[in-house]
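Engineer: Listed below, chain by chain, are the residues.
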Amino acid sequence: MPVPHTWKLKLSAFYGARYEQSTAGIFYIAPLIIVLASLLLYPIGYSILGSFQSKIIGSPGKFIGLGNYIELLTKDQAFAEVCFNTFLYATVSVILKVLLGFAAALLLNERVVGQRFFRGWIMIPWLIPTLVVGLMFRWMFDQTGGFLNFAIQETGLMKVPPAWLADKVLARGAVIFANIWRGFPFFMITILAAMQSISRELYEAAEIDGASAGQRLRFITIPGVSSVVLVVILLSSIWTFNDFELLWVMTGGGPSYSTHIFVTYAYQLSFLGSRFGYAMAVSLIATPLITAFILLLIPRILGDEQ
Amino acid sequence: MIFGSRRRSPFQSLVVYGSLLSFSLFAIFPVYWIFLTSLKKGRDVFNTAEILFPVKLTLFNYAQVFKQNEIIRWIEVSTLLATISTLLALSVGILAAYSLTHFRYRGRRVLALAIFFSYVIPKGLLFIPLFLVLNQFGLVDTFMGLVLAHETFSVPFCTWLLYGYFKTLPKELVDSGRIDGCSPMGILSRILLPLAAPGVATAAIFSFTTSWNEFLYAATLITNDRMMTLPLGVSGFLTADTYQWGPMMAAAIIAILPMLLLFILAQRYIVQGLTIGAVKG
Amino acid sequence: MRISSFKKMCLLFLFVLAASLSVTAQTARPKMRMWVDHPFLVKATEGLLKSYVLEWAIGKGVDIEYSQNSDKIMYPRIDAAIESKTLPDVMLINISWLPKLQRAKLVQDVTDIAKELNGNMGGFTKGAIAAVMTPDSKYNAIPFLGSSEMAYVRKDLLDAKGLAIPDTWEDTVKAARAINNPPTVWGWGHQVVEFDGERHNHAMILSYGGAIFSKDGQSITLDSPQTRQAINLIKDAYTEGLLPKDVVTWDSAGNNNAYQSGKAGFVENTGSIAVWLKANDPTLFNNSVFKLFPAGPSGRFIQGDVWVLFVPNTTKYPDMAKDLIRNISSKDNQEELMTAMGGFRVPVYIDLTKLPLWQDRSLKPLADSAPFVYYPGFPGPVTALALEEFKQTIVSQMMAHVLVDKWTVDRAIAEAVATLKRIQVSLNN
Numbered sequence: 001m002p003v004p005h006t007w008k009l010k011l012s013a014f015y016g017a018r019y020e021q022s023t024a025g026i027f028y029i030a031p032l033i034i035v036l037a038s039l040l041l042y043p044i045g046y047s048i049l050g051s052f053q054s055k056i057i058g059s060p061g062k063f064i065g066l067g068n069y070i071e072l073l074t075k076d077q078a079f080a081e082v083c084f085n086t087f088l089y090a091t092v093s094v095i096l097k098v099l100l101g102f103a104a105a106l107l108l109n110e111r112v113v114g115q116r117f118f119r120g121w122i123m124i125p126w127l128i129p130t131l132v133v134g135l136m137f138r139w140m141f142d143q144t145g146g147f148l149n150f151a152i153q154e155t156g157l158m159k160v161p162p163a164w165l166a167d168k169v170l171a172r173g174a175v176i177f178a179n180i181w182r183g184f185p186f187f188m189i190t191i192l193a194a195m196q197s198i199s200r201e202l203y204e205a206a207e208i209d210g211a212s213a214g215q216r217l218r219f220i221t222i223p224g225v226s227s228v229v230l231v232v233i234l235l236s237s238i239w240t241f242n243d244f245e246l247l248w249v250m251t252g253g254g255p256s257y258s259t260h261i262f263v264t265y266a267y268q269l270s271f272l273g274s275r276f277g278y279a280m281a282v283s284l285i286a287t288p289l290i291t292a293f294i295l296l297l298i299p300r301i302l303g304d305e306q
Numbered sequence: 001m002i003f004g005s006r007r008r009s010p011f012q013s014l015v016v017y018g019s020l021l022s023f024s025l026f027a028i029f030p031v032y033w034i035f036l037t038s039l040k041k042g043r044d045v046f047n048t049a050e051i052l053f054p055v056k057l058t059l060f061n062y063a064q065v066f067k068q069n070e071i072i073r074w075i076e077v078s079t080l081l082a083t084i085s086t087l088l089a090l091s092v093g094i095l096a097a098y099s100l101t102h103f104r105y106r107g108r109r110v111l112a113l114a115i116f117f118s119y120v121i122p123k124g125l126l127f128i129p130l131f132l133v134l135n136q137f138g139l140v141d142t143f144m145g146l147v148l149a150h151e152t153f154s155v156p157f158c159t160w161l162l163y164g165y166f167k168t169l170p171k172e173l174v175d176s177g178r179i180d181g182c183s184p185m186g187i188l189s190r191i192l193l194p195l196a197a198p199g200v201a202t203a204a205i206f207s208f209t210t211s212w213n214e215f216l217y218a219a220t221l222i223t224n225d226r227m228m229t230l231p232l233g234v235s236g237f238l239t240a241d242t243y244q245w246g247p248m249m250a251a252a253i254i255a256i257l258p259m260l261l262l263f264i265l266a267q268r269y270i271v272q273g274l275t276i277g278a279v280k281g
Numbered sequence: 001m002r003i004s005s006f007k008k009m010c011l012l013f014l015f016v017l018a019a020s021l022s023v024t025a026q027t028a029r030p031k032m033r034m035w036v037d038h039p040f041l042v043k044a045t046e047g048l049l050k051s052y053v054l055e056w057a058i059g060k061g062v063d064i065e066y067s068q069n070s071d072k073i074m075y076p077r078i079d080a081a082i083e084s085k086t087l088p089d090v091m092l093i094n095i096s097w098l099p100k101l102q103r104a105k106l107v108q109d110v111t112d113i114a115k116e117l118n119g120n121m122g123g124f125t126k127g128a129i130a131a132v133m134t135p136d137s138k139y140n141a142i143p144f145l146g147s148s149e150m151a152y153v154r155k156d157l158l159d160a161k162g163l164a165i166p167d168t169w170e171d172t173v174k175a176a177r178a179i180n181n182p183p184t185v186w187g188w189g190h191q192v193v194e195f196d197g198e199r200h201n202h203a204m205i206l207s208y209g210g211a212i213f214s215k216d217g218q219s220i221t222l223d224s225p226q227t228r229q230a231i232n233l234i235k236d237a238y239t240e241g242l243l244p245k246d247v248v249t250w251d252s253a254g255n256n257n258a259y260q261s262g263k264a265g266f267v268e269n270t271g272s273i274a275v276w277l278k279a280n281d282p283t284l285f286n287n288s289v290f291k292l293f294p295a296g297p298s299g300r301f302i303q304g305d306v307w308v309l310f311v312p313n314t315t316k317y318p319d320m321a322k323d324l325i326r327n328i329s330s331k332d333n334q335e336e337l338m339t340a341m342g343g344f345r346v347p348v349y350i351d352l353t354k355l356p357l358w359q360d361r362s363l364k365p366l367a368d369s370a371p372f373v374y375y376p377g378f379p380g381p382v383t384a385l386a387l388e389e390f391k392q393t394i395v396s397q398m399m400a401h402v403l404v405d406k407w408t409v410d411r412a413i414a415e416a417v418a419t420l421k422r423i424q425v426s427l428n429n
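So the sequences go chain by chain: A, B and C. Per the working numbering, residue 1 is the first one in the first sequence, and the count goes up by one each step. Per the working numbering, residue 1 is the first one in the second sequence, and the count goes up by one each step. Per the working numbering, residue 1 is the first one in the third sequence, and the count goes up by one each step.
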């Protein structure tokens, strides 16, 4: 059967996977089930149960039903702010990381002199220990000794530059910046790898048919990487949502809760404050939302049922 | 541009190279500062003014790090940890991703969803019950215990990432493989994996670096100084309220090098051209 | 990856697995374990403590695994060990861990060894005893190291303006105002958040005649005019720009870095800055004056801290553990350790304040501070509530609410009191 000419048709024939109607599939996924179930069933169950208990580390918990959640929603003065911070941090960081990563991948996909050099260079933020990244940014944004302010002073922009980490709004911007700096190489490389898997033939055929660069981008590149991009957005959203170390080292949730997200707040409650059960409730309170988010995206990813 | 056959116009080249340089600067500038700090001794780290034209540079910190600390040992342990945990996660993940993309069975969607739930409880709280589980099996303060702890976040990651890449692969190849009488394992190893090599390499890179940088599980599970990983070792430079900036930054720079090397090697797989010829075949 | 490289991968995998097993095999489990959750300024000092422990072990023919790490590592590790009841045999920890250990029923009575050691070197200081004694006069742990604070003053900046060295909070603010010249130098590098800040806030409230807890330790007396005076002093100085704005977000190294980089005129801290200056910046050291922690209208108060040796009741070797404690607390070892620490920590044994070390002008204020040192809970006993309050830095959060969130002082105090009451309730359950 002759292969259809039009490259647009080729697309739909190319992507997606054909399924085997066989239970051999279960056999292949068995290792994963064994590993994750044996390691995670108990801890996840324990944690969820813990959120319904009044529990301190070291002592058995006392079941209190929805007590923690109710207290969190009604009496916790920091909850509203922590909620806002978490969603702001996760959303803005992921969006900007996707955009930056995609743009960088596009550039690196081109034939350029020193391609390997650029790829290595741009990957470096990901390779530094998180502790060092956090401390470095803390220092960089420091009002008294930080380089950013020094640069601002020297160039005469401002006589006394702001204290980035002491202002509620600026601090949020600073941590988002740090997260993006640290995280965009992940998007860049994963999307680049996906781009590299797209058959050259499609591009050639499209060019022959007169498609412009922009059209090639829209109809070949983007669909070609879409499943990977969606997965990576999902993964990164969850990770950023639960991003503890960078934030904790950089601001400790400060100033005054303005950069506390659910996980850092939970940590403060649990390890500095001993309230493990309540901390669990804090971490889990957003689970329904995350689940909804996942459920929204998963059908798209799992799509193409043939 | 975007794989056209026409050469780029000078303007387009300018845009491309200019953007690449900007990205590079963006990525590198803070690291340049880390590097610079690692070359300064004592109170000189506070000389912000010398950022562009530094004076009094010294390799003292590097010497100190190598002499006083077991940084080589930390790197060895971290490398071993990251390698094993990545290999294990990749094996499990490749099979699982294959299962999710190329087979149909009841509970497939539920399983896919469930895998994501490994991430629902943040590590900052999950580590306690996970410690309890590993303690039951006598795996605390053992290397395998830490590897298994890492599997809890590496396996879902590899599975899902590879899922994304497997989905992009052309159906026709799988079909022709099946027609040729290839076994399912054969399809996986002869067709899918070679084509998804960029994806596998990517999963490997990120799984490796995540294990390499992982702090919390290592801190909780490893008490033996001989098994300290690199992040744990670097945290030792935070001595009370007087941080040893110089040596810490030197250790960070030393830490980047093996990973950079790994990345440059792994890059060979993220190369356009592996699909050429496959369709025609 | 072609087929042949697939096989290669399998071989590599097996090889690596074998290598990992060899790593596992090397680490044979020792008989005893000691964890040290205390930050040492200089690696050599930590090595000193380790050497005492290891020498003792060799002498007794015992295997011991000694582990000292920063609290970033120790906090989660100890928490997991508490939950799984797998604590080591001996621990050197801050007293703020004691309430948690008590609630987890892991405390071992060490009164016998404590009384024995109390007979050495003039005995323990009052505060150290108060920190480890239960209501029925039993010892929970053995004091080992203490801390105190002093004020660091940039004399050169004061001299340039012809100013005397201030001694009270108010005078410090006045002097800071005179030398304030951002961004070259900020007048007052006063830490207001985190543990350092918590200590400062407590001290200031007491120095105005206020208190967080009552004399019997049962009531919360934070809401008072004196507390308001203290808050307002800081608030006015902060608003005026005498403090770097970053103080509301500094970690414990914040004021160190500020003073060490020459950007602050006054700071209050333990001896760690003095140790650093001597080693790294003789010029700044010479330009600095070291004096007693500032006083308020109602007196001078310095919040101290204690690190204790703790023996969990899960240990299989209680007598060995006590013997180890006896050994590392010996006069020779304590003197050597104190001197090696260079003033970073102050002794818990009364006689050790007479060591020659404390005659140095940069450390004398620490030795002289002993009469003014008090512990969390003052003027009441060191209660679990007081330690919890300290660990959660409730008062610092209150300060941050005023400075950052621009809450009214009344609202901030009310919130702090409510939080403390909640903690009190949860502790009594």
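Simulated from the structure, these hints should not be mistaken for laboratory data. Possibly wrong hints are sitting among the right ones.
Derived lysine-lysine pairs resembling PhoX-like cross-links, with alpha carbons at most 25 Å apart [unchecked claim]:
{"hint": "1", "chain 1": "B", "residue 1": "Lys56", "chain 2": "C", "residue 2": "Lys105"}
{"hint": "2", "chain 1": "B", "residue 1": "Lys56", "chain 2": "B", "residue 2": "Lys41"}
{"hint": "3", "chain 1": "B", "residue 1": "Lys41", "chain 2": "C", "residue 2": "Lys85"}
{"hint": "4", "chain 1": "C", "residue 1": "Lys421", "chain 2": "B", "residue 2": "Lys41"}
{"hint": "5", "chain 1": "A", "residue 1": "Lys75", "chain 2": "C", "residue 2": "Lys50"}
{"hint": "6", "chain 1": "C", "residue 1": "Lys31", "chain 2": "C", "residue 2": "Lys60"}
{"hint": "7", "chain 1": "C", "residue 1": "Lys278", "chain 2": "B", "residue 2": "Lys67"}
{"hint": "8", "chain 1": "B", "residue 1": "Lys56", "chain 2": "C", "residue 2": "Lys60"}
{"hint": "9", "chain 1": "A", "residue 1": "Lys75", "chain 2": "C", "residue 2": "Lys126"}
{"hint": "10", "chain 1": "C", "residue 1": "Lys161", "chain 2": "A", "residue 2": "Lys159"}
{"hint": "11", "chain 1": "C", "residue 1": "Lys31", "chain 2": "B", "residue 2": "Lys67"}
{"hint": "12", "chain 1": "C", "residue 1": "Lys43", "chain 2": "B", "residue 2": "Lys67"}
{"hint": "13", "chain 1": "B", "residue 1": "Lys67", "chain 2": "C", "residue 2": "Lys72"}
{"hint": "14", "chain 1": "C", "residue 1": "Lys85", "chain 2": "A", "residue 2": "Lys62"}
{"hint": "15", "chain 1": "B", "residue 1": "Lys41", "chain 2": "C", "residue 2": "Lys406"}
{"hint": "16", "chain 1": "C", "residue 1": "Lys406", "chain 2": "A", "residue 2": "Lys168"}
{"hint": "17", "chain 1": "C", "residue 1": "Lys263", "chain 2": "A", "residue 2": "Lys159"}
{"hint": "18", "chain 1": "C", "residue 1": "Lys31", "chain 2": "A", "residue 2": "Lys62"}
{"hint": "19", "chain 1": "C", "residue 1": "Lys263", "chain 2": "A", "residue 2": "Lys168"}
{"hint": "20", "chain 1": "C", "residue 1": "Lys421", "chain 2": "A", "residue 2": "Lys62"}
{"hint": "21", "chain 1": "A", "residue 1": "Lys159", "chain 2": "C", "residue 2": "Lys235"}
Cβ pair distances, simulated, as ranges [unchecked claim]:
{"hint": "22", "chain 1": "B", "residue 1": "Glu70", "chain 2": "C", "residue 2": "Thr168", "range": "37 to 43 Å"}
{"hint": "23", "chain 1": "B", "residue 1": "Glu70", "chain 2": "A", "residue 2": "Ile48", "range": "25 to 31 Å"}
{"hint": "24", "chain 1": "A", "residue 1": "Gln115", "chain 2": "B", "residue 2": "Gly186", "range": "41 to 47 Å"}
{"hint": "25", "chain 1": "A", "residue 1": "Thr91", "chain 2": "B", "residue 2": "Met144", "range": "50 to 56 Å"}
{"hint": "26", "chain 1": "B", "residue 1": "Glu50", "chain 2": "A", "residue 2": "Met158", "range": "39 to 45 Å"}
{"hint": "27", "chain 1": "B", "residue 1": "Ser19", "chain 2": "A", "residue 2": "Ile208", "range": "47 to 53 Å"}
{"hint": "28", "chain 1": "A", "residue 1": "Phe63", "chain 2": "B", "residue 2": "Arg178", "range": "19 to 25 Å"}
{"hint": "29", "chain 1": "A", "residue 1": "Val92", "chain 2": "B", "residue 2": "Ile28", "range": "19 to 25 Å"}
{"hint": "30", "chain 1": "A", "residue 1": "Val92", "chain 2": "B", "residue 2": "Glu50", "range": "52 to 58 Å"}
Beta carbons: idealized from backbone N, C-alpha and C, even for Gly.
Engineer: A separate judgement is required for each hint: does it hold in the structure or not?
Structural biologist: Evaluated hints:
1. Lys56(B) - Lys105(C): 55 Å, violated
2. Lys56(B) - Lys41(B): 8 Å, holds
3. Lys41(B) - Lys85(C): Violated - the C-alpha atoms of Lys85(C) and Lys41(B) are around 44 Å apart, more than 25 Å.
4. Lys421(C) - Lys41(B): 49 Å, violated
5. Lys75(A) - Lys50(C): This hinted pair is violated, its Cα atoms lying about 47 Å apart.
6. Lys31(C) - Lys60(C): 12 Å, holds
7. Lys278(C) - Lys67(B): Holds: Lys278(C) and Lys67(B) sit about 23 Å apart, inside 25 Å.
8. Lys56(B) - Lys60(C): Violated, at roughly 50 Å.
9. Lys75(A) - Lys126(C): 40 Å, violated
10. Lys161(C) - Lys159(A): 23 Å, holds
11. Lys31(C) - Lys67(B): Status violated; Cα separation ~30 Å.
12. Lys43(C) - Lys67(B): Holds, because 12 Å separates the two Cα atoms, which is no more than 25 Å.
13. Lys67(B) - Lys72(C): 24 Å, holds
14. Lys85(C) - Lys62(A): 19 Å, holds
15. Lys41(B) - Lys406(C): Not satisfied, since the Cα-Cα distance of roughly 41 Å exceeds 25 Å.
16. Lys406(C) - Lys168(A): 11 Å, holds
17. Lys263(C) - Lys159(A): This hinted pair holds, its Cα atoms lying about 16 Å apart.
18. Lys31(C) - Lys62(A): Given pair Lys31(C), Lys62(A) is violated - Cα atoms ~35 Å apart, limit 25 Å.
19. Lys263(C) - Lys168(A): 23 Å, holds
20. Lys421(C) - Lys62(A): 20 Å, holds
21. Lys159(A) - Lys235(C): 23 Å, holds
22. Glu70(B) - Thr168(C): 37 to 43 Å: 49 Å, violated
23. Glu70(B) - Ile48(A): 25 to 31 Å: Distance hint for Glu70(B), Ile48(A) is violated at roughly 40 Å.
24. Gln115(A) - Gly186(B): 41 to 47 Å: 34 Å, violated
25. Thr91(A) - Met144(B): 50 to 56 Å: 39 Å, violated
26. Glu50(B) - Met158(A): 39 to 45 Å: Because 21 Å falls outside the window, the suggested range is violated.
27. Ser19(B) - Ile208(A): 47 to 53 Å: Violated, at about 28 Å.
28. Phe63(A) - Arg178(B): 19 to 25 Å: About 54 Å separates the Cβ atoms of Phe63(A) and Arg178(B), which means 19 to 25 Å is violated.
29. Val92(A) - Ile28(B): 19 to 25 Å: 23 Å, holds
30. Val92(A) - Glu50(B): 52 to 58 Å: This hint is violated: roughly 34 Å between Cβ atoms.
Violated hints, listed in ascending order, are 1, 3, 4, 5, 8, 9, 11, 15, 18, 22, 23, 24, 25, 26, 27, 28 and 30; each of the other numbered hints is respected by the structure.
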